[in-house]
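**Student:** As a plain string of letters, each chain reads:
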Amino acid sequence: MSFLVLDSVGRRFGALRALSDISLSVESGELRAIIGPNGAGKTTLFNLISGFFPPTEGNITFEGAPITAVNPTELVHRGIIRTFQITEIFLSLTVYENLRIAVETAMGLNLRPWISRAQRAAVAERIAELAAIVRIESKLHRVAGELSHGDQRVVEIGIVLAKSPKLLLLDEPTAGMGDEETRHMTDLIRRLNKEQHITMLFVEHDMAIVFGIADRITVLDNGKMLAEGNAAEIAANPRVQSAYLGDAGLGNAA
Amino acid sequence: MTMEIASARTAVAKPPAPGLISRRVLGNVALGLVLLAVPFWLPLVGGYTDLASRVLIYALAAMGLNLLLGFTGGLSFGHAAYFGLGAYGVGLMLKYETHSILLALLVGTLVGGIAATLLGPIAVRRRGIYFAMITIAIGQMFYFLAVRWNSLTGGEDGLTGFSRHPIKLPGLTVPMGSVGFFYLVLVCFGACALLLWTVLNSPLGHTFVGIRENYKRLIFLGVRTKRYLAISFAISGFVVALAGGLNALLDNFTSPNTLNYTLSGDFLIIAVLGGMRNFWGPLAGAVIFILVRDYVSSITDNWMTVIGLIFVLSVLFFPLGILGFFNRKSAS
Numbered sequence: 001m002s003f004l005v006l007d008s009v010g011r012r013f014g015a016l017r018a019l020s021d022i023s024l025s026v027e028s029g030e031l032r033a034i035i036g037p038n039g040a041g042k043t044t045l046f047n048l049i050s051g052f053f054p055p056t057e058g059n060i061t062f063e064g065a066p067i068t069a070v071n072p073t074e075l076v077h078r079g080i081i082r083t084f085q086i087t088e089i090f091l092s093l094t095v096y097e098n099l100r101i102a103v104e105t106a107m108g109l110n111l112r113p114w115i116s117r118a119q120r121a122a123v124a125e126r127i128a129e130l131a132a133i134v135r136i137e138s139k140l141h142r143v144a145g146e147l148s149h150g151d152q153r154v155v156e157i158g159i160v161l162a163k164s165p166k167l168l169l170l171d172e173p174t175a176g177m178g179d180e181e182t183r184h185m186t187d188l189i190r191r192l193n194k195e196q197h198i199t200m201l202f203v204e205h206d207m208a209i210v211f212g213i214a215d216r217i218t219v220l221d222n223g224k225m226l227a228e229g230n231a232a233e234i235a236a237n238p239r240v241q242s243a244y245l246g247d248a249g250l251g252n253a254a
Numbered sequence: 001m002t003m004e005i006a007s008a009r010t011a012v013a014k015p016p017a018p019g020l021i022s023r024r025v026l027g028n029v030a031l032g033l034v035l036l037a038v039p040f041w042l043p044l045v046g047g048y049t050d051l052a053s054r055v056l057i058y059a060l061a062a063m064g065l066n067l068l069l070g071f072t073g074g075l076s077f078g079h080a081a082y083f084g085l086g087a088y089g090v091g092l093m094l095k096y097e098t099h100s101i102l103l104a105l106l107v108g109t110l111v112g113g114i115a116a117t118l119l120g121p122i123a124v125r126r127r128g129i130y131f132a133m134i135t136i137a138i139g140q141m142f143y144f145l146a147v148r149w150n151s152l153t154g155g156e157d158g159l160t161g162f163s164r165h166p167i168k169l170p171g172l173t174v175p176m177g178s179v180g181f182f183y184l185v186l187v188c189f190g191a192c193a194l195l196l197w198t199v200l201n202s203p204l205g206h207t208f209v210g211i212r213e214n215y216k217r218l219i220f221l222g223v224r225t226k227r228y229l230a231i232s233f234a235i236s237g238f239v240v241a242l243a244g245g246l247n248a249l250l251d252n253f254t255s256p257n258t259l260n261y262t263l264s265g266d267f268l269i270i271a272v273l274g275g276m277r278n279f280w281g282p283l284a285g286a287v288i289f290i291l292v293r294d295y296v297s298s299i300t301d302n303w304m305t306v307i308g309l310i311f312v313l314s315v316l317f318f319p320l321g322i323l324g325f326f327n328r329k330s331a332s
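Chains as they are written, first to last, in UniProt numbering: chain V, 1 to 254; chain Y, 1 to 332.
These aren't lab readings, by the way, just hints derived from the structure by calculation.
Be aware that a few hints might be false.
[Unchecked claim] With a straight-line Cα cutoff of 20 Å, these simulated DMTMM-like cross-link-like pairs (lysine to aspartate or glutamate) come out:
id : chain 1 : residue 1 : chain 2 : residue 2
1  : V       : K163      : V       : E74
2  : Y       : K226      : V       : E74
3  : V       : K163      : V       : E137
4  : V       : K139      : V       : E125
5  : V       : K166      : V       : E195
6  : V       : K166      : V       : D21
7  : V       : K224      : V       : E74
8  : Y       : K216      : V       : E172
9  : Y       : K216      : V       : E125
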């Protein structure tokens with residue numbers, strides 16, 4: 001059985017058809033890229049899967065259970081977690097405090113007005129573990145709002161990792177990053193997929209990254225699915241070349 | 001805007017070294033000693049003990065409100081309602097039911113606190129300006145209720161006919177003159193400060209701060225943020241209600257003005273003036289607010305102009321409040 005299945009999913013906003021007839025299935029452990037020009041519906045697709053709003057047509061199932069009308073909070077508990085195009089972290093808190101909120105939430109401690117020494121230690125240990133995974137240990141006591149854009153995105157990934165996601169949705173994880181930051185993020189995505197075995201969907205504009213790390217690629221255009229396949233198939237697909245990549249072709253991008 | 005300034009000032013946040021913690025403890029111990037000794041040193045500098053009680057009562061109310069405002073990010077313009085409910089609860093209990101001011105305080109605190117617990121969930125259904133409007137609307141209902149229900153509340157003339165009786169404990173009677181009452185206020189203030197401090201350093205408090213910082217992120221971590229806003233609202237309501245009860249005891253009187261939104265505004269001014277991101281900010285704000293009101297109002301009726309001027313200047317030059325730039329992390 002497939003891990004995540006979208007069956008003829010569509011979404012209208014009034015007269016606007018943002019997405020229509022999207023059918024795709026993602027296997028467990030897969031690293032899937034969603035690409036397409038601006039306005040293709042990539043973020044809308046993420047919003048549907050993460051429960052930001054429901055689809056107006058079609059069905060979504062996750063681990064065999066329907067999640068079409070399930071709210072985001074419940075989806076988080078089932079293991080679907082996302083990041084946003086605009087980094088959503090706790091800007092005036094330190095990196096440590098950012099991760100602490102996430103870890104305490106993941107441990108279900110939010111309602112507790114006090115915790116035992118042992119629980120405090122467990123929280124601290126998990127924070128250290130997450131900081132090590134995303135490699136932000138050296139900046140733990142810096143205020144998040146003071147960090148570079150790239151580091152803030154890394155903090156956000158640390159936050160969502162606290163919840164031990166089964167399916168991670170990353171919306172343009174390398175947008176606005178410099179070369180070094182992009183390398184760090186790409187490496188992080190690959191490691192999370194291979195070492196933590198997290199299934200991932202990511203929207204990305206940088207073709208070098210997409211063709212470099214994605215297992216499979218889904219191409220959207222104008223709210224419709226244009227193509228799906230591995231890097232070689234997508235690169236060779238003439239419809240993708242003309243509709244999405246235009247005259248530049250894949251030679252330059254990849 | 002404020003947030004940017006906040007982080008600019010704390011670019012080099014240090015790890016919590018043991019030395020810092022003990023300095024913080026020292027600071028709190030020093031503050032405690034200064035407060036304990038108030039009846040001894042205050043007359044020497046021309047003050048009087050009831051004035052100190054008033055400062056602590058307003059500080060308590062503003063600290064309670066500040067749990068919601070400064071640490072959870074909820075701007076309530078209606079917290080005077082819970083202050084007033086506490087005040088009327090205490091006044092009515094003493095007038096009709098009991099001579100025990102402790103029992104009266106308990107009932108007053110429960111009345112105001114439970115009202116906040118029941119009404120908070122309605123207000124937190126909306127955010128930002130709409131949240132603020134709902135809190136005003138709810139608060140004003142109690143104001144008009146107190147004005148209209150003459151037979152019970154004394155209407156616009158206020159509630160009189162009750163006074164502070166000595167506290168009778170087994171083997172001990174504590175007189176409730178100015179000094180005795182000051183220590184009762186100080187005990188209540190200390191207990192609430194400890195409670196708020198504990199909450200702010202717990203996962204619950206961290207969740208409150210997370211809501212202030214980025215509620216969208218918390219929702220997408222699976223946190224039902226409205227529930228936590230309502231909890232913050234309720235806790236702050238209990239604390240503010242206790243302050244209201246103490247205020248009625250201080251004056252042996254309470255009036256509909258203790259329920260009015262203008263008093264809510266005073267509490268907000270106190271919290272912002274002192275520093276709403278700082279644990280002791282509301283205390284600093286209350287010292288300034290009450291002292292200015294006391295001394296300036298003996299010179300001119302327009303004391304609020306002076307407060308307003310101080311407020312504008314402080315917002316312009318110390319956007320994080322008087323205590324704001326000392327240590328952003330005194331509570332977290």
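**Student:** Against the 20 Å threshold, does the CA-CA distance of V:K166 and V:D21 hold or violate the hint?
**Tutor:** violated, 25 Å
**Student:** Next pair to validate is V:K139 with V:E125; report whether the Cα-Cα distance is within 20 Å.
**Tutor:** The given pair, whose Cα atoms are some 16 Å apart, holds under the 20 Å limit.
**Student:** Run the distance test for V:K224 versus V:E74: straight-line Cα separation, threshold 20 Å.
**Tutor:** Violated: V:K224 and V:E74 sit about 28 Å apart, past 20 Å.
**Student:** Run the distance test for V:K166 versus V:E195: straight-line Cα separation, threshold 20 Å.
**Tutor:** Holds, at roughly 13 Å.
**Student:** Mind checking the alpha carbons of V:K163 and V:E137 for me, to see if they're no more than 20 Å apart?
**Tutor:** holds, 19 Å
**Student:** What's the verdict on Y:K216 and V:E172, does the C-alpha distance respect the 20 Å limit or exceed it?
**Tutor:** Between Y:K216 and V:E172 the Cα gap is close to 18 Å, so the pair holds against 20 Å.
**Student:** Straight-line Cα separation of Y:K216 and V:E125 no greater than 20 Å?
**Tutor:** Answer violated: Y:K216 to V:E125 is near 26 Å, above 20 Å.
**Student:** Holds or violated: Y:K226 and V:E74, Cα atoms, limit 20 Å.
**Tutor:** The hint holds at about 15 Å.
**Student:** Hey, V:K163 versus V:E74, does the alpha-carbon distance stay inside 20 Å?
**Tutor:** Cα-Cα ~13 Å, so holds.
Violated hints for the displayed structure, listed by number in ascending order: 6, 7, 9.
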